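Chain by chain, the residues run as shown.
Protein chains: 4
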Amino acid sequence: MQTETFERLESNVRTYSRSFPVVFTKAKGACLTDENGREYIDFLAGAGTLNYGHNNPHLKQALVDYIATDGVVHGLDMWTTAKRDYFEAFEELILKPRNLDYKIQLPGPTGTNAVEAAIRLARKVKQRHNIVAFTNGFHGVTMGALATTGNRKFRENTGVPTLGGSFVPFDGYMGDSTDTLDYFEKLLGDKSGGLDVPAAVIVETVQGEGGINVSGLEWLKRLESICHANDILLIIDDIQAGCGRTGKFFSFEHAGVVPDMVTNSKSLSGLGLPFAHVLMRPELDQWKPGQYNGTFRGFSYAMVTATAALKHYWSDDAFELEVQRKGKIVEERFQKLAAMLSKAGMPASERGRGLMRGIDVETGDIADKITGKAFENGLIIETSGQDGEVVKCLCSLTITDDELQKGLDILEAAVKDVAGAKATADA
Amino acid sequence: MQTETFERLESNVRTYSRSFPVVFTKAKGACLTDENGREYIDFLAGAGTLNYGHNNPHLKQALVDYIATDGVVHGLDMWTTAKRDYFEAFEELILKPRNLDYKIQLPGPTGTNAVEAAIRLARKVKQRHNIVAFTNGFHGVTMGALATTGNRKFRENTGVPTLGGSFVPFDGYMGDSTDTLDYFEKLLGDKSGGLDVPAAVIVETVQGEGGINVSGLEWLKRLESICHANDILLIIDDIQAGCGRTGKFFSFEHAGVVPDMVTNSKSLSGLGLPFAHVLMRPELDQWKPGQYNGTFRGFSYAMVTATAALKHYWSDDAFELEVQRKGKIVEERFQKLAAMLSKAGMPASERGRGLMRGIDVETGDIADKITGKAFENGLIIETSGQDGEVVKCLCSLTITDDELQKGLDILEAAVKDVAGAKATADA
Amino acid sequence: MQTETFERLESNVRTYSRSFPVVFTKAKGACLTDENGREYIDFLAGAGTLNYGHNNPHLKQALVDYIATDGVVHGLDMWTTAKRDYFEAFEELILKPRNLDYKIQLPGPTGTNAVEAAIRLARKVKQRHNIVAFTNGFHGVTMGALATTGNRKFRENTGVPTLGGSFVPFDGYMGDSTDTLDYFEKLLGDKSGGLDVPAAVIVETVQGEGGINVSGLEWLKRLESICHANDILLIIDDIQAGCGRTGKFFSFEHAGVVPDMVTNSKSLSGLGLPFAHVLMRPELDQWKPGQYNGTFRGFSYAMVTATAALKHYWSDDAFELEVQRKGKIVEERFQKLAAMLSKAGMPASERGRGLMRGIDVETGDIADKITGKAFENGLIIETSGQDGEVVKCLCSLTITDDELQKGLDILEAAVKDVAGAKATADA
Amino acid sequence: MQTETFERLESNVRTYSRSFPVVFTKAKGACLTDENGREYIDFLAGAGTLNYGHNNPHLKQALVDYIATDGVVHGLDMWTTAKRDYFEAFEELILKPRNLDYKIQLPGPTGTNAVEAAIRLARKVKQRHNIVAFTNGFHGVTMGALATTGNRKFRENTGVPTLGGSFVPFDGYMGDSTDTLDYFEKLLGDKSGGLDVPAAVIVETVQGEGGINVSGLEWLKRLESICHANDILLIIDDIQAGCGRTGKFFSFEHAGVVPDMVTNSKSLSGLGLPFAHVLMRPELDQWKPGQYNGTFRGFSYAMVTATAALKHYWSDDAFELEVQRKGKIVEERFQKLAAMLSKAGMPASERGRGLMRGIDVETGDIADKITGKAFENGLIIETSGQDGEVVKCLCSLTITDDELQKGLDILEAAVKDVAGAKATADA
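Chains as they are written, first to last, in this note's numbering: chain A, 323 to 749; chain B, 323 to 749; chain C, 323 to 749; chain D, 323 to 749.
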């Protein structure tokens with residue numbers, strides 16, 4: 323495989339190609355194929371962007387059909403039939419069945435753009451500058467979003483400090499015996515605690531980049547009620563956890579909360595095309611025309627495939643149930659692997675919701691060994707968490723049971739290998 | 323046309339659909355077609371995103387072929403054949419013939435993302451926080467980029483002030499007799515002038531949103547030499563003016579300057595797909611792995627169409643010459659229209675470079691009347707400038723002479739209409 | 323008493339004159355006298371500025387003598403004999419006996435100025451922007467210091483957010499069973515917790531404005547060791563708690579910690595004259611000449627009285643022991659008052675160190691009733707805490723036992739009155 | 323003279339003691355005396371703090387009398403007779419005769435504190451974050467004030483960028499043929515010029531630290547009218563130029579403008595005691611009680627001497643006329659010196675208003691040589707300007723003609739010396 327071109331021309335900022343230093347060429351369903359024809363089971367799936375698998379045939383067909391008609395590709399924020407179809411499908415298949423009443427904003431087609439739009443609108447509506455985010459939260463790296471993203475890797479290279487964000491501890495951050503919302507609520511009520519009353523709270527129900535940290539459903543309900551009691555907007559960033567990843571379309575459905583705003587992106591287009599939207603309660607839609615813009619906010623291809631995805635997968639609850647079923651499979655296998663590692667002297671634990679799952683092996687070093695070994699054997703799987711200590715499964719939701727088991731087998735072999743090496747070293 | 327769905331569900335932030343309140347369905351070359359089958363000549367072209375026209379057949383074919391092979395759609399920043407092809411074509415067809423030596427960063431696929439990456443890298447490299455931008459400059463609306471964007475419409479709705487940007491007057495801002503760089507140079511050398519020594523200057527050679535303000539070629543050369551003399555990086559934001567719009571691939575080629583960094587987006591993919599890159603001199607590529615990221619930084623479709631556009635249009639200078647030729651046509655017609663308006667008591671003037679041209683009619687009101695009348699007669703054309711006072715032509719570069727003349731005829735009729743109404747009113 | 327002048331000309335920002343709406347004219351020791359000749363015991367003492375009492379005769383004499391010689395009054399940062407005397411006395415009487423090795427910076431003569439200087443120097447030395455402060459901390463209201471001050475009253479009227487400060491919970495903030503430094507230490511070690519690695523921690527060992535919150539001595543030691551382990555500077559803001567208030571010259575002596583920097587002001591001049599200094603370990607003195615300035619940084623009168631105070635009160639440990647003895651008296655009486663209130667159904671508790679003591683009565687309303695009643699009876703006493711819920715004793719350290727008991731008696735009568743009213747209301 | 327104590331203990335930040343490395347002990351009128359008994363004529367006068375001379379006998383006497391009565395020294399913002407006397411004198415002697423209607427805020431007793439209060443109030447009243455300041459303006463170094471101070475020396479050592487200030491060119495900055503307010507007015511009216519509509523403009527009528535830059539009276543009037551037309555508050559920072567320095571009590575009286583707010587400090591107390599106030603039009607006094615504070619805002623000594631200064635010097639216009647007369651003397655001598663230097667090949671020019679005057683010798687190097695030589699001969703005189711290129715006379719306003727001439731003679735000898743050395747070197 324010729325990689326010299328990349329080494330010569332591509333910025334050092336590249337990262338995934340360091341873990342998987344091959345040149346990919348094709349992809350289908352749960353598999354990626356490199357230039358030499360080698361196939362890999364993909365448990366990364368575009369970091370949660372390919373919930374319906376690579377080149378999903380239903381979505382691809384819808385796109386090919388659209389292209390054939392010379393449909394508008396790029397429409398700024400003009401009205402197009404593609405956009406109308408998307409709005410109608412989203413309303414009929416997602417909002418109405420869930421009794422949700424939202425207006426839709428299409429910002430630039432990236433998650434960070436949606437977050438910037440949401441927090442800017444929150445500040446405008448509430449006339450307060452502060453946005454509360456949570457430890458280990460990730461909401462994007464453009465400067466506005468970065469104020470709510472905890473990672474030093476990004477925060478320390480900005481040249482100017484971020485402005486207008488405060489962090490409070492996520493569920494479980496202070497151990498099992500402490501409800502972190504006690505601390506948040508105390509700070510909110512404290513006139514000299516240093517917490518500026520926020521316009522909004524932004525939260526992921528399951529933190530993806532932060533290490534598959536799962537918020538409790540009661541914790542989320544309480545967070546919602548604290549927000550209500552204090553006239554603070556609740557923004558759920560469902561960019562990674564949404565679109566079915568946790569076993570429901572929106573990850574917050576499990577808890578029965580109704581956010582004031584929602585951000586979606588990643589798997590929203592279904593086919594991996596750049597796309598994002600912000601949902602907001604109608605009374606919050608206080609934008610004036612043109613107050614937020616972006617060249618690619620009318621990318622029709624993404625609307626076409628998003629519409630196809632909604633129609634194919636979200637007309638009834640079959641897909642949700644299927645995701646939940648597969649989630650159980652991963653959960654059980656991950657518990658087994660965690661036990662295996664713990665037994666070998668490497669304490670580990672499983673966690674997650676739906677098909678967003680991880681094994682916390684406590685150090686990035688062990689996690690890297692496992693994922694490195696897995697890659698050698700044909701599995702693409704990545705880590706997350708502040709130290710990269712969580713081996714993370716974000717496989718496509720449409721993965722077949724065979725592919726899933728095959729991927730899990732490769733992972734188990736890698737775990738055994740690492741556990742065995744440890745046993746040998748200890749001996 | 324059914325527009326009720328939009329009115330019910332779409333955020334008030336929508337803007338172009340207010341100027342053009344129809345539902346578009348198809349597009350080809352220089353034309354857009356609405357749901358009723360009415361055709362419009364398009365002088366907006368995705369605000370500079372569709373330099374090669376809607377559904378350009380060469381680019382579309384490349385995309386359809388790629389889709390047929392189940393090529394990787396979304397690859398994060400992994401290596402793919404699509405990316406290698408793009409890098410190689412860009413190097414061979416663009417960089418080498420121009421003696422340019424740049425490394426390439428693919429950030430999130432929007433212009434604002436590219437700008438955020440460029441200014442963050444500049445700050446990191448130079449260890450200074452300030453970025454100098456110019457009056458009427460536009461570089462995006464996410465918070466980092468917004469520090470360099472002059473528009474109050476965006477700046478006043480952020481809830482927190484922007485941080486780390488300073489504005490100095492663009493070429494011509496203080497009248498013909500003042501070289502605005504005298505002021506900039508004085509501030510740079512002044513230890514108590516209030517200008518923090520910047521890491522970088524960011525500039526558009528022709529300001530698109532700012533009103534088709536054209537910087538002089540000598541002014542640009544002097545700006546480059548001031549930057550060199552003061553150890554300041556020169557970033558040219560070629561998002562709107564690049565990709566052939568001014569008659570050269572890069573707009574700065576006219577002046578013979580060599581920026582330290584370049585941002586491209588908009589027409590970079592050619593087909594209107596979200597795409598952006600940052601070019602940087604190799605020694606500036608001081609990113610550490612993963613210090614800047616974004617889910618959609620590996621959107622292969624855009625690379626495939628971008629490669630096709632490069633190969634089809636940039637293998638020789640024929641396309642450039644063609645753009646320059648058409649630019650002359652628009653220039654002459656616009657001069658005539660400006661004279662017509664001036665004669666009718668509405669002072670107007672023409673300006674621009676290549677096919678990025680405008681008529682400054684001095685008030686947004688007159689400009690809106692002209693573009694409104696033009697739309698009635700089948701021409702999509704927009705305004706820019708701080709008050710929307712510049713009627714702007716950003717037609718596709720591939721427009722046929724017939725289409726171009728037809729569009730210009732519609733515009734001329736609109737101008738006559740507005741001039742006539744004024745004459746009647748004055749009488 | 324003529325107050326109309328004030329009502330006509332003085333800004334609404336005035337505050338203490340609302341609690342004590344009389345016109346004061348003279349003051350001596352622990353007493354203030356109003357225009358009608360009425361005397362008040364002063365338990366406020368300039369909010370901690372008059373540790374040696376009003377018009378302390380030793381200090382006053384030194385000043386009068388100095389004035390008589392036409393000594394330099396205002397010397398910018400030129401060298402004067404007054405400054406040399408001050409430096410020598412401070413070195414001999416304070417630094418050497420405590421084995422402290424500090425250089426001295428004289429910033430503008432206010433506490434907030436000293437804090438601005440200290441945190442700016444910390445950022446410069448460590449090349450990091452963040453400063454960690456604690457819930458309920460107060461370090462001044464100019465914008466730099468305000469980033470470390472928790473009070474919303476000040477933070478919400480700035481028009482721009484503060485920049486470069488983060489808050490973590492002070493000792494005891496999360497209840498007795500939680501060591502808040504566990505949380506701080508976890509955040510420090512967490513690469514995605516949202517806490518930017520700070521240049522410095524700034525802390526009051528006893529929070530004055532925050533409500534007489536006393537940090538544990540072990541907690542302080544641990545804070546010091548966390549700072550050392552993480553290459554973070556420890557700044558102790560001893561503006562209110564220093565100069566003997568807690569029974570030692572520096573409040574941190576109790577814990578045996580050695581801060582990297584110390585800020586003093588308030589009682590530093592002794593006579594109530596504006597004065598402040600920053601102490602810093604010599605290797606931290608990385609200021610370049612003139613990098614921080616202020617017109618009144620060479621106010622000799624304050625140096626003269628400060629020197630006199632040092633010589634008179636700090637040549638041996640007698641004064642410290644005396645403060646400790648009186649602190650015990652207040653402690654016991656306050657415990658009694660707290661018990662009295664609790665018994666009457668108004669839960670209350672005593673806390674403090676040395677002569678910096680308070681009764682937390684849990685609501686500002688009760689506290690205001692007590693202090694209002696006390697004022698009627700000739701005692702000036704104020705509240706602190708986020709809701710003004712802590713009745714606070716900051717009486718001069720030189721108060722006589724008679725005056726102290728008289729003040730405490732007035733306070734006890736007020737407490738009884740409020741407790742009785744409650745009993746009546748409940749009945 | 324023993325200076326070792328300073329060298330050992332004093333922070334490197336010290337600056338004036340580097341120009342004048344002697345130890346001063348006494349001061350009277352226009353003279354300073356060092357420890358060896360050597361006298362120096364003082365043309366620095368506390369950087370404008372000692373307008374009435376060192377140890378002015380009238381002011382000193384008032385202070386001594388006050389001390390003798392055990393008057394309140396430090397009163398927080400409680401009401402005192404000293405404060406009432408000050409308010410009444412200020413109203414009767416300053417405000418009423420000038421038809422000015424202001425309320426008075428006493429912030430912390432430093433200039434930077436007054437500026438912080440004024441700009442915070444402006445932001446609060448106008449609900450806008452931006453404050454416009456001018457090139458070479460100096461308004462203090464605490465972080466809020468620093469946003470309006472142009473000096474890189476201070477701005478580059480803050481660790482965080484300043485927030486909420488924008489700079490526009492001061493009168494004359496772009497040469498004689500350009501009215502810099504044309505540029506400011508254009509920016510104000512430009513919706514995409516990058517200038518956020520400011521809450522206030524802050525300006526010195528004569529820039530002291532910036533280099534004795536004198537704004538034209540017409541320019542000031544126009545600035546006032548631009549502010550009015552755009553609903554922007556005009557804050558005149560009269561900290562250095564006020565209290566008679568320019569020949570009127572307020573420097574803006576010359577132009578006949580009426581600012582919305584005024585800041586005074588430096589010579590306000592008269593004797594060199596720390597003191598500052600903010601004046602504001604009554605309808606702007608929208609502070610809530612306690613929204614801005616500071617321990618030393620009730621420093622009675624300063625009010626006592628300030629009252630004495632008002633009564634002694636400002637009961638009629640004799641003092642103003644005297645200052646104007648002496649200003650003429652300095653002006654003429656400085657013109658002569660400038661001519662002398664210019665003739666010797668060192669281009670120089672004179673400028674100033676009243677007794678705030680300078681000779682611009684174009685380089686800091688020449689200026690340092692002149693002031694260094696003058697110091698050798700017994701004259702204390704400093705430089706200002708971005709490069710220290712302006713030799714500055716801020717002698718006390720009460721200086722005798724003899725002392726003034728003696729000081730000017732020393733300066734002339736120094737100039738001759740430097741001019742002569744140049745002639746020799748050139749030969």
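Quick caveat, the hints were computed from the structure, so don't treat them as lab data.
It cannot be assumed that every hint is accurate.
As a list, the in silico DSS-like pairs of lysine-lysine whose alpha-carbon atoms are at most 27 Å apart [what the hints assert, rightly or not]:
id, chain 1, residue 1, chain 2, residue 2
1, A, Lys610, D, Lys382
2, D, Lys382, D, Lys446
3, B, Lys446, A, Lys610
4, C, Lys350, C, Lys695
5, D, Lys691, C, Lys610
6, A, Lys695, A, Lys658
7, C, Lys695, A, Lys691
8, D, Lys633, D, Lys691
9, C, Lys382, C, Lys695
10, A, Lys610, A, Lys665
11, A, Lys610, A, Lys691
12, B, Lys691, D, Lys425
13, A, Lys738, A, Lys691
14, B, Lys695, B, Lys348
15, A, Lys508, C, Lys650
16, C, Lys728, A, Lys513
17, B, Lys610, C, Lys382
18, C, Lys543, B, Lys610
19, D, Lys448, B, Lys513
20, B, Lys475, D, Lys448
21, A, Lys513, D, Lys446
22, D, Lys508, D, Lys446
23, C, Lys543, C, Lys382
24, A, Lys425, B, Lys508
25, D, Lys382, C, Lys350
26, A, Lys475, C, Lys738
27, A, Lys425, A, Lys691
28, C, Lys382, B, Lys446
29, C, Lys448, D, Lys513
30, C, Lys382, C, Lys446
31, A, Lys691, A, Lys650
32, B, Lys610, B, Lys695
33, B, Lys508, C, Lys543
Remember, it's a predicted structure, so these values are computed and weren't measured experimentally.
Structure-based check of each hint:
Restraint check for Lys610 (chain A) and Lys382 (chain D): the C-alpha separation of about 63 Å exceeds 27 Å, so the hint is violated. At roughly 39 Å between alpha-carbon atoms, Lys382 (chain D) and Lys446 (chain D) are farther apart than 27 Å, so this suggested pair is violated. For the suggested pair Lys446 (chain B) and Lys610 (chain A), the alpha carbons sit about 35 Å apart, so the restraint of at most 27 Å is broken. Between Lys350 (chain C) and Lys695 (chain C), the direct Cα distance comes to roughly 23 Å. Compliance with the 27 Å bound is thereby established for this hinted pair.
The hinted pair formed by Lys691 (chain D) and Lys610 (chain C) meets the criterion: a straight-line CA distance of about 21 Å does not exceed 27 Å. A hinted pair counts as satisfied when its Cα atoms are at most 27 Å apart, and Lys695 (chain A) with Lys658 (chain A) qualifies at roughly 18 Å. With a C-alpha separation of about 71 Å, the suggested pair Lys695 (chain C) and Lys691 (chain A) falls outside the 27 Å cut-off, and the hint is violated. Between Lys633 (chain D) and Lys691 (chain D) the alpha-carbon distance is near 41 Å, which puts this suggested pair outside the 27 Å criterion.
Taking the CA atoms of Lys382 (chain C) and Lys695 (chain C), the gap is about 33 Å. The hint is violated against a cut of 27 Å. A distance of roughly 60 Å separates the Cα atoms of Lys610 (chain A) and Lys665 (chain A); the hinted pair therefore is violated under the 27 Å criterion. As the CA atoms of Lys610 (chain A) and Lys691 (chain A) are separated by approximately 52 Å, the hinted pair breaks the 27 Å bound. Using a Cα cut-off of 27 Å, the hinted pair Lys691 (chain B) and Lys425 (chain D) is violated, with the two alpha carbons roughly 51 Å apart.
A C-alpha spacing of about 11 Å is found between Lys738 (chain A) and Lys691 (chain A), which places the hinted pair at or below 27 Å, so the restraint holds. At roughly 22 Å between alpha-carbon atoms, Lys695 (chain B) and Lys348 (chain B) fall within 27 Å of each other, so this suggested pair holds. Only pairs whose Cα atoms come within 27 Å are accepted, and Lys508 (chain A) paired with Lys650 (chain C) is rejected, the gap being roughly 32 Å. A distance of roughly 33 Å separates the Cα atoms of Lys728 (chain C) and Lys513 (chain A); the hinted pair therefore is violated under the 27 Å criterion.
Our distance criterion of 27 Å between C-alpha atoms is broken by Lys610 (chain B) and Lys382 (chain C), whose separation comes to about 63 Å. For the given pair, Lys543 (chain C) sits about 37 Å from Lys610 (chain B) by alpha-carbon distance, which is inconsistent with the 27 Å threshold. Between the alpha carbons of Lys448 (chain D) and Lys513 (chain B) the distance comes to roughly 31 Å, so the proposed pair goes past 27 Å and is violated. Restraint check: the Cα-Cα separation between Lys475 (chain B) and Lys448 (chain D) comes to about 18 Å, which is no more than 27 Å; the hinted pair holds.
Our distance criterion of 27 Å between C-alpha atoms is met by Lys513 (chain A) and Lys446 (chain D), whose separation comes to about 19 Å. Our distance criterion of 27 Å between C-alpha atoms is met by Lys508 (chain D) and Lys446 (chain D), whose separation comes to about 25 Å. This hinted pair does not check out: Lys543 (chain C) and Lys382 (chain C) have alpha carbons roughly 38 Å apart, beyond 27 Å. For a cut-off of 27 Å, the pair hint linking Lys425 (chain A) to Lys508 (chain B) is broken: about 50 Å separates their Cα positions.
Restraint check: the Cα-Cα separation between Lys382 (chain D) and Lys350 (chain C) comes to about 22 Å, which is no more than 27 Å; the hinted pair holds. Annotation: proposed proximity of Lys475 (chain A) to Lys738 (chain C) is violated, straight-line Cα distance about 59 Å (limit 27 Å). For the given pair, Lys425 (chain A) sits about 46 Å from Lys691 (chain A) by alpha-carbon distance, which is inconsistent with the 27 Å threshold. With a C-alpha separation of about 55 Å, the suggested pair Lys382 (chain C) and Lys446 (chain B) falls outside the 27 Å cut-off, and the hint is violated.
In summary, the hint linking Lys448 (chain C) to Lys513 (chain D) is not supported, as the alpha carbons are separated by about 40 Å, beyond the 27 Å threshold. A hinted pair counts as satisfied when its Cα atoms are at most 27 Å apart, and Lys382 (chain C) with Lys446 (chain C) does not qualify at roughly 39 Å. Restraint check for Lys691 (chain A) and Lys650 (chain A): the C-alpha separation of about 25 Å stays at or below 27 Å, so the hint holds. At roughly 53 Å between alpha-carbon atoms, Lys610 (chain B) and Lys695 (chain B) are farther apart than 27 Å, so this suggested pair is violated.
For the hint linking Lys508 (chain B) to Lys543 (chain C), the alpha-carbon distance of about 52 Å lies beyond 27 Å, and the restraint is violated.
Hints 1, 2, 3, 7, 8, 9, 10, 11, 12, 15, 16, 17, 18, 19, 23, 24, 26, 27, 28, 29, 30, 32 and 33 from the list above are not met by this structure, while the remaining hints are.
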